[in-house]
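Line by line, the protein sequences are chains A and B. Using this note's numbering, the letters of the first sequence correspond one by one to residues -17 to 319. Using this note's numbering, the letters of the second sequence correspond one by one to residues 11 to 266.
Incorrect hints may have been included.
DSSO-like cross-link-like pairs, simulated, lysine-lysine; straight-line CA separation at most 30 Å [stated by the list, open to error]:
{"id": "1", "chain 1": "A", "residue 1": "K311", "chain 2": "B", "residue 2": "K101"}
{"id": "2", "chain 1": "B", "residue 1": "K181", "chain 2": "B", "residue 2": "K101"}
{"id": "3", "chain 1": "B", "residue 1": "K150", "chain 2": "B", "residue 2": "K181"}
{"id": "4", "chain 1": "B", "residue 1": "K150", "chain 2": "B", "residue 2": "K212"}
{"id": "5", "chain 1": "B", "residue 1": "K181", "chain 2": "A", "residue 2": "K311"}
{"id": "6", "chain 1": "A", "residue 1": "K311", "chain 2": "B", "residue 2": "K150"}
{"id": "7", "chain 1": "B", "residue 1": "K181", "chain 2": "B", "residue 2": "K212"}
{"id": "8", "chain 1": "B", "residue 1": "K101", "chain 2": "A", "residue 2": "K312"}
{"id": "9", "chain 1": "B", "residue 1": "K254", "chain 2": "B", "residue 2": "K212"}
{"id": "10", "chain 1": "B", "residue 1": "K150", "chain 2": "A", "residue 2": "K312"}
{"id": "11", "chain 1": "B", "residue 1": "K181", "chain 2": "A", "residue 2": "K312"}
{"id": "12", "chain 1": "B", "residue 1": "K212", "chain 2": "B", "residue 2": "K101"}
{"id": "13", "chain 1": "B", "residue 1": "K254", "chain 2": "A", "residue 2": "K312"}
{"id": "14", "chain 1": "B", "residue 1": "K247", "chain 2": "B", "residue 2": "K181"}
{"id": "15", "chain 1": "B", "residue 1": "K150", "chain 2": "B", "residue 2": "K101"}
{"id": "16", "chain 1": "A", "residue 1": "K311", "chain 2": "B", "residue 2": "K212"}
Keep in mind the hints are simulated off the structure, nothing from the lab.
Chain by chain, the residues:
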Amino acid sequence: MKLNVRDLLVERRVWLTALLLAGFVACVAVQAFGLCNLYVQLILMYVGINIILTVSLNLINGYMGEFSVGHAGFMAIGAYVSALLTVRGFPAAHSAWFFPVAVIAGGLGAALVGMLVAIPSFRTRGDYLAIVTLAFNMIVKSVIENVEAVGGPRGFMGMEKLTTLPWVYVWTVLSVWIIRNFIYSRYGRGVLAIREDETAAELMGVDTRQVKLLAFVISSFFAGVAGGLFAHLLQFINPRSFDLLKSTDILIMVYLGGVGSIAGSILGATSYTVLLEVLRPMGVWRMALMPLVLVVLMIFRPRGIMGLREFRWFVPVRDFFSGALPAPKKEVADAAP
Amino acid sequence: MPLLEAEHVTHRFGGLTAVADFNLRLESGELIGIIGPNGAGKTTLFNLITGVYRASEGSIRLNDRELVGRPPNRIAALGVSRTFQNIRLFKELTVLDNVRVARYGAVRYGPLQALTHAGGFSTEEDRIARDSLDLLGMFKLADYAAERAANLPYGLQRRLEIARALATNPKILLLDEPAAGMNHQEIEGLIELILWARDVFKLTIALIEHQMQLVMGICERIVVLDFGVTIAAGRPKEIQNDPKVLEAYLGEKVEV
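Using the sequences and the accompanying hints, generate a full structural model.
Structure follows, in structure tokens:
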């Protein structure tokens, strides 16, 4: 049976749009009518923020195969830029209206710095790039600690609680969608080719600098967005919220869920965030249990839950369903001896 | 005017001169062989032409455009493509994606279209997919399009590597030991394939090879390297009887 690609596309698009809209309505309803308690709402928002962080880091560590360990540094920039804007930049009376602008500004700030971090990635790979990103994370933290204008080590506050469940939902969907689009484009194929064999990629005409620059800019943009949401959820940020431990948390979510997979990132971020909350009654012991879970996972599934595999709804029909591809032209088929 | 012209190309790794004063004029449509013992600098030469290394001295020009100093992806865009001595496919990617990656330079959309999948993105992606599948079809690889490249048998991996190299629309194709690991019969097939590709894609080919069956069979001209120095150049017949070549391969003649 020959499946019609266009029908498949349309059918799937209708379902996806309906599902996403239903999700949004649910988020608005939960918030408006208080369908679940504030604690659960808070956890849901953390899940969303962590999904954004995980998907964006997976682009660099999973898809591109680099090892960036300073993702929290970008998050810090997004958090401080957006918080400064809503507290000091915009008229307080209308700060709710300016919130999306502030979050985007936070993302742009992080993206700008992401560009700077991309430059060493042109020349070094692997362990060396890991050290560069590690240093970057530490630099960001110490710089903030030493700027009195943003509270130095005491942190920064005064933000209104502008991050709501619907906002987190919108940003999560947007970041997953955009990063997924990027992966299934010529740049995304370039990213994968760099992971597989950088020299061969360059020799096959891939502009590896352009690809790396774009990947870092997009990744850090969304880390900044996550930071902006985080700042207006907690209403208090300090440099220690964005130290290496935070970066490690994001790394764990990436490798738990699976490298090179959007579905994996969502799974990893959700399960890690929820698990840590569920295990809260265990007190200190949960910090002993979690690493154990990770070790066991790495033994049985070294590439994470979804490593390099993808939930088919995230894959464009053109890339997933080989039957959707046109058959090669008759006149050229099997021409080679 | 020659298609590719190398003049006084020299490359040093620290104190070691890997290629010394190499000169070559490659006319459009030619098929030449580069031979020499292991470590003679053959692959280094390919790396110099394709921009993996930057020549210490000398000039390499394609259609009078200087290649030395350009990054590999720019050189690929100008029309130089290659295969590798030990197959270097993108193993985890599908056969189709291996070819589509190499179409990177032929895609006409920017980052914004890529991030939104809008503004002509689909049309362009469909075009790339169709082009790439046609190419795979020509190479009898269309049935494997959705297969991971690593899952292909050795012979087909070699074939895919040539198809991928052609996806960049090259003028010059550099083949680095294409017959490595092949038996007599497979080499016959490879010879046919190379000659076919040259005609269909209007290629100029330079190949490195140890298999004399292949080199002597199809190359119109042969360049012999030893320790980075060009020790002989000419038609296959002339090369076979050149005393310097025999010496490089078999050692000096000793009076007993």
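30 Å limit on alpha-carbon distance, applied to hinted pair B:K254 and B:K212: Violated, at about 34 Å.
Holds or violated: B:K212 to B:K101, with C-alpha atoms at most 30 Å apart: holds, 29 Å
Satisfaction of hint between B:K101 and B:K181, Cα-Cα up to 30 Å: Holds - the C-alpha atoms of B:K101 and B:K181 are around 26 Å apart, at most 30 Å.
30 Å limit on alpha-carbon distance, applied to hinted pair B:K101 and A:K312: Since the Cα atoms of B:K101 and A:K312 sit roughly 28 Å apart, the hinted pair holds (cutoff 30 Å).
Pair hint B:K150 and A:K312, alpha-carbon separation not exceeding 30 Å: holds, 12 Å
30 Å Cα cutoff - pair B:K150, B:K212: The given pair, whose Cα atoms are some 20 Å apart, holds under the 30 Å limit.
30 Å Cα cutoff - pair B:K254, A:K312: violated, 51 Å
Pair hint outcome, A:K311 versus B:K150 [Cα-Cα no greater than 30 Å]: holds, 12 Å
Pairwise hint evaluation, B:K212 against B:K181, where the allowed Cα distance is 30 Å at most: holds, 7 Å
Pair hint outcome, B:K181 versus A:K311 [Cα-Cα no greater than 30 Å]: holds, 24 Å
Proposed proximity, B:K212 with A:K311 (alpha carbon, max 30 Å): holds, 20 Å
Pair hint B:K150 and B:K101, alpha-carbon separation not exceeding 30 Å: Measuring from Cα to Cα gives roughly 19 Å; hence the hint holds.
Of the hints listed earlier, those the structure fails to meet are numbers 9 and 13, in rising order.
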